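Sequence order for the protein chains is A and B.
Read in order, the letters of the first sequence are residues 287 to 774 in our numbering.
Read in order, the letters of the second sequence are residues 5 to 397 in our numbering.
Certain hints may be false.
As the list claims (entries may be wrong) - Pairwise CB distance ranges (calculated):
#1 Ile64/B / Ser512/A: 54 to 64 Å
#2 Pro272/B / Asp552/A: 28 to 38 Å
#3 Asn240/B / Pro347/A: 18 to 28 Å
#4 Ala421/A / Ile62/B: 32 to 42 Å
Derived by calculation from the structure, the hints in this document are not laboratory data.
Predicted, not measured: the structure shown is a model, and the values here were computed from it.
Just so it is clear, CB atoms sit at the ideal spot from N, CA and C, and this is done for glycine as well.
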Amino acid sequence: MMLGLSINFYKIFNFFEYFIIFYVGLIAVIYFLMMTLGYFGLRNYRARFKREELEALLKSPLMPQVSILAPAYNEAATCRDSVRAMLKLHYPNHEVIVINDGSKDDTLDILIEEFRLYRSSRVPSDAILTKPIKAIYESRDPLRLVVIDKENGGKADSLNAGLNVARAPLVCAVDADSLLESDALLLSVKPFLEDPATIAVGGTIRIANGCSVEHGRVTRIVAPGSMLAKFQAIEYMRAFLGGRVAFSFVNALLIISGAFGVFRRDAMLAIGGFFPDTVGEDMEIVVRMHRTWREAKKEYRIVFIPEPVCWTEVPESLKILHRQRNRWQRGTVDSLWFHRKMIFNPKYGVIGTFAFPYFLMFEMFGPAVEATGYFLTVIGLFMNIISWKAAFLFFLVSVVFGILLSVSALILEELTMRRYPSFTDAVKLFVAAIIENFGFRQLMTLWRAEGLIDGIRRKQGWGAMERKGFQATQAVQQQPGVPQDQLP
Amino acid sequence: MHVAKLTTKAMIWFKTLLVAGFYVIAVCLISALVFAKTPDTLPFLIALSFLTIQTSAILILVVFVACRKLLEETKTKRAEKIYPLIREKLALYTLGDDDISELQHLNADYPLEVERCIAEFIGSVIGEPQLRISALALKIGLVKKWRRRCKSFNPATREEAVLRMGQLTSIEVNDVLIKALDDGEAAVRAEAYRALIRAAEPEQIAEVFSHLTGESLLIRALLVDDLQPHALFLVNEVIPEIVASDDTPKIIATFELLGAWKKVLPLPDVLHLVDHPQPEVRAKSLRALSYTSAGEALEARIIKAFRDPDDTVKLAAAYAAARLKVVRAMDELERCLHDSNEEVRRASAYALAHIGAPGLGVLEREMLSTNKYVATTALEMLERINIDRCEYI
């Protein structure tokens with residue numbers, strides 16, 4: 287009897303082990319396929335405008351107006367440069383709307399003084415319910431700057447307040463400390479001009495750690511100095527150049543980074559703006575757009591532009607990174623839960639039959655399954671339940687395939703975008719692509735698995751995000767529950 | 005979706021599936037041939053085979069990237085050496101030296117460099133030299149090559165070929181350019197439009213404009229400036245036909261272009277379009293009409309437009325009233341200053357400020373209004389008129 291039970295336990299244990307090996311291997315295979323699709327897609331893509339085209343567009347009166355929405359919370363140290371950089375973007379017709387989300391420092395005073403603001407006659411529409419707006423300011427100088435002073439309500443609430451005040455047909459949601467490339471707006475508006483069915487556009491987010499930044503612009507691109515930031519650089523390459531290009535190719539892009547995204551304002555208003563009760567508002571809104579447009583059976587496009595348009599600082603401390611990853615995972619859980627109706631629902635086309643199941647199986651549960659795999663392998667080996675070969679196979683699909691994926695992403699970057707001009711940087715990143723699979727990836731898996739549990743338990747809150755700052759070392763404090771950093 | 009775009013998409017899928025298929029076959033072959041004697045489970049064999057293939061693929065790609073970098077450097081060095089000679093020969097040829105034997109030799113040895121130099125020259129010379137370079141391109145077979153490249157699957161190759169073809173003079177390439185107007189790639193179409201506009205043949209301009217009004221906003225935004233020199237011709241020859249048609253998107257696009265040119269033009273009779281059932285046409289026509297000379301009839305339409313149920317039409321009416329300084333619209337503007345829509349209030353204030361002294365008088369009076377929104381708007385406009393800001397209309 288005992289022997290029978292023991293044999294069954296062995297069998298079940300081994301079955302689980304092999305199931306997890308298959309599962310992790312399948313994720314790797316899907317990623318390789320997406321990278322291949324991404325590579326061929328990128329080869330046919332010309333994002334940059336030629337000089338003559340840029341000149342023509344910059345003076346073209348037909349370019350639609352864009353309102354840049356930049357929520358700011360305690361950004362006193364950087365707001366001057368950030369706002370100036372946004373005002374100087376190469377675009378013929380844009381305004382900057384800074385939303386001061388109840389900052390406790392002197393962000394508002396600095397903006398009033400620096401840009402000679404006065405209380406404007408602008409009145410926000412009541413299209414989306416937000417926390418009360420105290421005042422709206424505009425500049426006395428010929429600057430197209432609007433500052434909204436409102437009660438603290440979080441990032442989504444701030445963006446909604448911005449949507450209520452904006453009048454332009456296109457809105458660009460950014461983080462106050464996002465560093466945009468000078469032609470970022472022109473590039474991201476292109477899909478809207480090409481196809482009126484386009485309702486949202488997202489761009490690649492790059493890591494600014496280590497790069498030289500002057501007056502809110504990245505002036506010299508180098509690989510990040512710290513190993514932690516290098517690992518994240520590799521992760522971003524894998525996610526943006528592989529996953530997002532492929533998802534966009536089949537019109538199934540589910541995330542537009544909170545750090546930079548351009549939306550049609552009427553589309554945002556039609557769906558009620560950003561949802562404030564989630565930490566993953568950037569994914570939720572895109573999913574809601576898909577859902578609304580598919581239910582209405584209207585033609586639409588949500589596009590990802592592979593060109594790097596926005597630079598951001600990533601955490602260089604494990605503590606902050608932990609919070610960030612936990613939050614991202616909770617955001618994914620929220621979005622999938624709120625719109626669970628779409629999962630495996632053919633009514634939603636490729637979203638219901640591919641993108642949502644993919645996110646559910648691999649992005650949401652993937653880390654938990656992989657973490658279980660590590661656990662089972664160690665226990666199984668220790669208790670002599672699984673063979674060394676099974677353990678080696680798990681190592682092969684989880685770690686070695688991981689290395690292959692990271693190196694492939696780096697090669698994809700070199701073949702297509704080539705943003706790191708220095709050979710030394712390429713070598714450094716190559717080394718990081720290998721090392722990140724020994725420890726860092728496993729740690730991310732664990733944190734994401736923890737995020738999944740927190741997400742299921744509906745734990746809320748953003749946590750603090752401390753930034754080193756691009757110009758000088760600075761720490762931006764934040765209260766729990768208040769959004770600050772950006773989610774790629 | 006455009007056929008060419010669908011083809012491109014299908015090609016991407018095809019290539020991806022081809023790679024995937026290759027991987028499957030390679031995994032099977034390696035499992036069967038290389039690891040056949042390894043007494044292992046199937047998953048292990050598959051994983052090992054995949055590892056072998058992917059590692060080999062990465063190595064090949066790394067070698068490829070390195071070779072490509074090396075090749076590029078070598079090419080650049082080679083080009084740097086040979087460019088001065090090619091340029092010298094081309095300069096002599098443009099000046100009248102008909103001996104092209106050396107250029108032909110150079111073309112045989114350095115085709116890429118010669119092509120680049122010729123492309124550079126065509127783009128930078130005009131008149132007789134341009135004619136001669138075009139003839140040379142034909143003689144040494146470049147035109148044929150570019151014609152072929154116009155059919156390439158790669159949009160960048162097509163775009164460059166159309167650009168080159170468009171720069172040729174006295175050579176019949178219109179067939180290629182007109183065909184390129186239907187290309188799936190916006191950049192290729194834009195090049196074709198530009199070339200045809202540059203040629204400035206009246207028939208072509210008419211056709212191009214008609215085609216362009218059905219184009220995406222991107223192409224129109226790119227070409228609005230190129231078309232401006234032909235505005236008068238278009239207003240006389242093409243636009244009357246379009247505005248008389250029932251094609252609303254084309255009418256809207258035409259008015260957008262007219263508004264963008266910001267030129268006083270003798271527009272055909274389009275006053276009736278101010279009463280068009282579509283608000284967008286009403287608004288766009290009002291804006292375009294603000295660049296004509298005002299008359300009784302137009303002023304009456306503008307005043308009537310302030311009562312339009314659509315706010316965008318009211319905004320356009322305010323814009324027209326401001327531009328044409330329609331003093332008769334003051335009463336309506338003062339009424340709209342109390343409108344529930346903030347944009348209409350601000351646009352009306354802007355128009356009042358631009359009309360001149362009588363309008364400013366109204367604003368000064370309204371500054372003391374008990375309605376705080378109206379008072380703030382009036383006060384703000386009086387300040388803003390000094391810094392010329394009117395982006396809200």
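query: Holds or violated: 32 to 42 Å for the Cβ distance of Ala421/A and Ile62/B?
result: violated (57 Å)
- prompt: Is the hinted range of 54 to 64 Å satisfied by the C-beta distance from Ile64/B to Ser512/A?
  reply: violated (32 Å)
message: Range first: 28 to 38 Å. Now tell me if the beta carbons of Pro272/B and Asp552/A are that far apart.
response: holds (32 Å)
- prompt: Is the hinted range of 18 to 28 Å satisfied by the C-beta distance from Asn240/B to Pro347/A?
  reply: holds (22 Å)
In summary, the structure is inconsistent with hints 1 and 4 from the numbered list given earlier, while agreeing with the others.
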